[in-house]
Amino acid sequence: MTDNSSDEAQRREHLRISLRLGNDADFLLDCDGMTVQLGHWHWWRPGKLGLGNIKDISRGGVGLISACRLHQGMKLKLLLNDDLMLPISITHCRQLYGPLWFYGGRYLELSTEDLYRALRLVQQHRRKLRQGRRQPALEP
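Read left to right, the sequence shown gives residues 1 to 140 (this note's numbering).
For the record, the hints were derived by calculation from the structure and aren't laboratory data. Treat the hints with caution; some may be incorrect.
Straight line, CA to CA, 30 Å or less: simulated DSSO-like cross-link-like pairs of lysine-lysine [said to hold, decoys possible]:
#1 Lys77 to Lys48
#2 Lys128 to Lys77
#3 Lys48 to Lys128
#4 Lys48 to Lys75
Please model the entire structure based on the sequences and the hints provided.
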């Protein structure tokens, strides 16, 4: 898998917050991100689609990995916690390895307040990930 980061940077409208701990690490082996539930777009559809892992987020959208098979143009909700969800539409996807797919999504009908709450939540999660990485391993 190749990473066209310079191409991506040129097409990005908003600065993204990456949850990857190391840019040199293999994208699939980097144990980071924020796990979220993927919910159906319509309220009358019960249950969840599955789980996803947010890899980056910005004011314009979100990048996530999931084993769920989603398609371009699909609308869904990312459930970050009990009272915060991000409605998105899938804009692009690519298969990573085996059942894992990387998806890019743009926000739909999202208030500025909810966007800032989501960005703060992801930044807090990122700080915890980085602090955990700096902790020395405990000997048994």
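Satisfaction of hint between Lys128 and Lys48, Cα-Cα up to 30 Å: Between Lys48 and Lys128 the Cα gap is close to 27 Å, so the pair holds against 30 Å.
30 Å Cα cutoff - pair Lys48, Lys75: 13 Å, holds
Holds or violated: Lys128 to Lys77, with C-alpha atoms at most 30 Å apart: Given pair Lys128, Lys77 holds - Cα atoms ~24 Å apart, limit 30 Å.
Pair hint outcome, Lys77 versus Lys48 [Cα-Cα no greater than 30 Å]: Status holds; Cα separation ~9 Å.
Against the hints set out earlier in the document, no violation occurs for any number.
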